[in-house]
Amino acid sequence: MEVARFWRTKGQRYQLVGEVCPSCGEKIFPPRDVCPACEKEAKTPYTFSGKGEVYSYSTIYSAPEGFEKYAPYTVALVRLAEGPLVTAQLTDVDAQDVKVGMPVEMVTRVLREDGERGMVVYGYKFRPVCANQGAAAQQI
Amino acid sequence: MRDVSIIGIGQVKVGEHWDKSLRELGYYALHAAMKDARLERIDSLFVGNMLSGELTGQEHLGAIIADFAGLKGVEAVKVEAACGSGAAALRMGYIAVAGGMADFVACIGVEKMTDKQNASVTSALAMAADGDYEALHGLSFVSINALLMRRYMHEHGYKKEDFAPFAINAHANAVNNPYAMFQAPVTQKQFTEAKMIADPINLLDSSPIADGAACVIIAPTAIAKEFTDRPVRIRASAIATDTVAVHDRRDPLFLEGGAISAQKAYAMAGVGPHDIDLFEVHDAFTIMSALSLEAAGFAPRGKGVALALDGEIGLSGRIPITTMGGLKARGHPVGATGMYQIVEVATQLRGEAGANQIKNARLGMAQNIGGSGATVITTILEGF
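Keeping their order, the protein sequence lines are chains E and L. Letter 63 of the first sequence, counting from 1, is numbered 63 in the working numbering, and no numbers are missing. Letter 378 of the second sequence, counting from 1, is numbered 378 in the working numbering, and no numbers are missing.
Be aware that a few hints might be false.
Claimed, not checked - Straight-line C-alpha distance at most 35 Å; calculated DSBU-like pairs for lysine-lysine:
id: 1; chain 1: E; residue 1: Lys-27; chain 2: L; residue 2: Lys-359
id: 2; chain 1: E; residue 1: Lys-69; chain 2: E; residue 2: Lys-99
id: 3; chain 1: E; residue 1: Lys-69; chain 2: L; residue 2: Lys-225
id: 4; chain 1: L; residue 1: Lys-303; chain 2: E; residue 2: Lys-99
id: 5; chain 1: L; residue 1: Lys-159; chain 2: L; residue 2: Lys-264
id: 6; chain 1: L; residue 1: Lys-264; chain 2: E; residue 2: Lys-51
id: 7; chain 1: E; residue 1: Lys-99; chain 2: L; residue 2: Lys-160
id: 8; chain 1: E; residue 1: Lys-40; chain 2: E; residue 2: Lys-51
id: 9; chain 1: E; residue 1: Lys-43; chain 2: L; residue 2: Lys-264
id: 10; chain 1: E; residue 1: Lys-69; chain 2: L; residue 2: Lys-35
id: 11; chain 1: L; residue 1: Lys-35; chain 2: L; residue 2: Lys-359
id: 12; chain 1: E; residue 1: Lys-69; chain 2: L; residue 2: Lys-159
id: 13; chain 1: L; residue 1: Lys-195; chain 2: E; residue 2: Lys-99
id: 14; chain 1: E; residue 1: Lys-99; chain 2: E; residue 2: Lys-10
id: 15; chain 1: E; residue 1: Lys-51; chain 2: L; residue 2: Lys-72
id: 16; chain 1: L; residue 1: Lys-159; chain 2: E; residue 2: Lys-99
id: 17; chain 1: L; residue 1: Lys-160; chain 2: E; residue 2: Lys-69
id: 18; chain 1: E; residue 1: Lys-10; chain 2: L; residue 2: Lys-116
id: 19; chain 1: L; residue 1: Lys-303; chain 2: L; residue 2: Lys-13
id: 20; chain 1: E; residue 1: Lys-99; chain 2: L; residue 2: Lys-359
id: 21; chain 1: L; residue 1: Lys-264; chain 2: E; residue 2: Lys-40
id: 22; chain 1: E; residue 1: Lys-51; chain 2: L; residue 2: Lys-116
id: 23; chain 1: E; residue 1: Lys-69; chain 2: L; residue 2: Lys-303
id: 24; chain 1: L; residue 1: Lys-303; chain 2: L; residue 2: Lys-160
id: 25; chain 1: L; residue 1: Lys-20; chain 2: E; residue 2: Lys-69
id: 26; chain 1: L; residue 1: Lys-264; chain 2: E; residue 2: Lys-27
Said to hold, decoys possible - To list a few chain L residues with every Cβ distance to chain E over 12 Å, as calculated:
id: 27; residue: Ala-32
id: 28; residue: Ala-63
id: 29; residue: Glu-80
id: 30; residue: Ile-95
id: 31; residue: Lys-116
id: 32; residue: Ala-119
id: 33; residue: Gly-138
id: 34; residue: Gln-188
id: 35; residue: Lys-225
id: 36; residue: Glu-226
id: 37; residue: Ala-259
id: 38; residue: Gly-314
id: 39; residue: Phe-384
These aren't lab readings, by the way, just hints derived from the structure by calculation. It should be emphasised that the depicted structure is a prediction, and the values quoted were computed from it without experimental measurement. Even glycine gets a Cβ: it sits at the ideal position worked out from N, Cα and C.
Based on the sequences and whatever the hints tell you, model everything.
In structure tokens, the structure reads:
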């Protein structure tokens, strides 16, 4: 049981909390404390919008230990609206419908379960943004 | 700094060695290399290995192999840099001999992968990636390379089958390598129909899980001829790093670590890509061959696959790669792979490559890659 390991990254996994560099304004995810753009210290928390688009994707047929029961599942590099790339699973979408450039948004889902008495690890996944979802929300 | 040469090489056949343990594999390669160099004693031993703890329950490899080989009291440590562990071990040995701290150093690469089931090995290999931000999300190491391949196809307009020449070339060359795991050719049809692992990467884009060990003995060039008629000079050895996670790279399709380590190596040797007679690329996946060729300056951005399609990577092409089968067909025992590459380049430069001999080969290069480009070791060797 790696309780502390999962607990200390809950901010990034549940809410996409990264950092913003106080020196150059670079938005950073995952958090890394030293700005990759200007190499100065960057520890100011910044919560990302969760909006982005698919940069690349792959459907996994041969899964690592602990993920076998989910296979096949689709993973992606997502370009967040604020700039960084993030690696995550896609959800609520058929593999054959995924395209490079497809708009997606972050949701919180179960990443893995370690048996009946083990931990349930939650984290971010991304799902397609419905074309008319925004319009529906505006009508309300 | 002293000039350094390889005075002995040794390797075991890559494969599924159910009957041999990790320490035995390491010892066989070491013994073969010491015999080749007519040596009975070494000063230091560097063991390149990635996953011994995870896959065989054994760490502390320096001492365990030194002890098993009967080298009582010798300096011995393990070197780990994921799939780049093998060439990293050579780099450490090179520093020791060049710096005058040791005269005779054995550098081994060894890996034992077939004691565990497939899913366990897949998880273990994902440790080369970012544990918290890639592997935790269910990404296999294959899938990370698949993300690169898909984007490469998208940006440069290639089709999946365009990558076949890398696998076909590697298998064709492995036919004549008695140490290769797969001494059999593959066809374009087999490539197209192979089982998908992580779309678009299929089984024939991928190098196989295997057991293996390879070893070189290095010594100062000034005394190399006392031990061998065919010493091979180390003209350059350079390591560079990049972000471990692919998502942290400004441009995921450019192996910056590969470019930096190649540039360092070229500067050290005073040569350029046009001087290199053969290039052992880290073809863990077909996409890695393309990215490595581009990073090392053999093809412009997006043209690595075109180089293969134009037939320039074969034994008589402009830049022969994977001349003894590469990771794809010789096999990819991860921590041992970098040392197999060195042994193969040395074999070519000694003129011992048989049917696969590159004519008049003088300068050979190897690029060993840890992770998806996070650690890259470029080595340039010269035959006498």
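Against the structure, the hints:
With a C-alpha separation of about 53 Å, the suggested pair Lys-27(E) and Lys-359(L) falls outside the 35 Å cut-off, and the hint is violated. For the hint pairing Lys-69(E) with Lys-99(E), the CA-to-CA distance comes to about 25 Å; that is within 35 Å, so the pair holds. Restraint check for Lys-69(E) and Lys-225(L): not satisfied, since their Cα atoms lie roughly 59 Å apart, outside the 35 Å limit. Of the pairs offered as hints, the one joining Lys-303(L) and Lys-99(E) holds, with about 24 Å between alpha carbons and a cut-off of 35 Å not exceeded.
Restraint check: the Cα-Cα separation between Lys-159(L) and Lys-264(L) comes to about 33 Å, which is no more than 35 Å; the hinted pair holds. At roughly 40 Å between alpha-carbon atoms, Lys-264(L) and Lys-51(E) are farther apart than 35 Å, so this suggested pair is violated. Only pairs whose Cα atoms come within 35 Å are accepted, and Lys-99(E) paired with Lys-160(L) is accepted, the gap being roughly 16 Å. The hinted pair formed by Lys-40(E) and Lys-51(E) meets the criterion: a straight-line CA distance of about 27 Å does not exceed 35 Å.
Only pairs whose Cα atoms come within 35 Å are accepted, and Lys-43(E) paired with Lys-264(L) is accepted, the gap being roughly 33 Å. Of the supplied pair hints, the one linking Lys-69(E) and Lys-35(L) is violated, its CA atoms being roughly 50 Å apart against a limit of 35 Å. The straight-line distance between the Cα atoms of Lys-35(L) and Lys-359(L) is roughly 27 Å, inside the 35 Å bound, and the hint therefore holds. Note on Lys-69(E) and Lys-159(L): the hinted pairing holds, with a Cα-Cα distance of about 31 Å set against a maximum of 35 Å.
Only pairs whose Cα atoms come within 35 Å are accepted, and Lys-195(L) paired with Lys-99(E) is accepted, the gap being roughly 22 Å. This hinted pair checks out: Lys-99(E) and Lys-10(E) have alpha carbons roughly 29 Å apart, not beyond 35 Å. Straight-line distance between C-alpha atoms of Lys-51(E) and Lys-72(L) comes to about 61 Å, which puts the hinted pair past the 35 Å bound. For the proposed pair Lys-159(L) and Lys-99(E), the alpha carbon gap of about 15 Å is at most 35 Å, so the pair holds.
As the CA atoms of Lys-160(L) and Lys-69(E) are separated by approximately 28 Å, the hinted pair is consistent with the 35 Å bound. With a CA separation close to 32 Å, the supplied pair Lys-10(E) and Lys-116(L) stays within the 35 Å bound. With a CA separation close to 33 Å, the supplied pair Lys-303(L) and Lys-13(L) stays within the 35 Å bound. A C-alpha spacing of about 47 Å is found between Lys-99(E) and Lys-359(L), which places the hinted pair above 35 Å, so the restraint is violated.
Note on Lys-264(L) and Lys-40(E): the hinted pairing holds, with a Cα-Cα distance of about 26 Å set against a maximum of 35 Å. Restraint check: the Cα-Cα separation between Lys-51(E) and Lys-116(L) comes to about 40 Å, which exceeds 35 Å; the hinted pair is violated. Distance restraint check for Lys-69(E) and Lys-303(L): the Cα-Cα separation of roughly 39 Å exceeds the 35 Å cut-off, and the hinted pair is therefore not satisfied. Under the criterion of a C-alpha separation no larger than 35 Å, the hint pairing Lys-303(L) with Lys-160(L) is consistent with the structure, at around 15 Å.
Straight-line distance between C-alpha atoms of Lys-20(L) and Lys-69(E) comes to about 33 Å, which keeps the hinted pair within the 35 Å bound. Pair hint Lys-264(L) plus Lys-27(E) holds up; C-alpha atoms about 32 Å apart against a cutoff of 35 Å. The claim that Ala-32(L) is not at the interface with chain E holds, since no C-beta of that chain comes within 12 Å of its own (minimum 34 Å). No beta-carbon of chain E is positioned within 12 Å of the beta-carbon of Ala-63(L); the least distance is around 29 Å.
With a cut of 12 Å on Cβ distances, Glu-80(L) stays outside the contact zone with chain E, its closest approach being about 20 Å. Even its closest Cβ contact with chain E, about 27 Å, leaves Ile-95(L) beyond 12 Å, as expected for a residue assigned away from the interface. A beta-carbon of chain E comes within 12 Å of the beta-carbon of Lys-116(L); the shortest separation is about 10 Å. A cut-off of 12 Å between C-beta atoms contradicts the statement that Ala-119(L) is not in contact with chain E; the least separation is 4 Å.
Some Cβ of chain E comes within 12 Å of the Cβ of Gly-138(L); the nearest lies about 4 Å off, and the non-interface call is violated. With a minimum CB-CB distance of about 22 Å to chain E, Gln-188(L) clears the 12 Å threshold, and the non-interface call stands. The beta carbon of Lys-225(L) is kept farther than 12 Å from every beta carbon of chain E, the shortest such distance being approximately 48 Å. The Cβ of Glu-226(L) sits about 49 Å from the closest Cβ of chain E, beyond the 12 Å cut-off, so the non-interface label holds.
Distance to chain E confirms Ala-259(L) as a non-interface residue, since its nearest Cβ pair spans about 18 Å, more than 12 Å. Non-interface call for Gly-314(L) relative to chain E: holds, since the shortest CB-CB distance, roughly 30 Å, exceeds 12 Å. The beta carbon of Phe-384(L) is kept farther than 12 Å from every beta carbon of chain E, the shortest such distance being approximately 44 Å.
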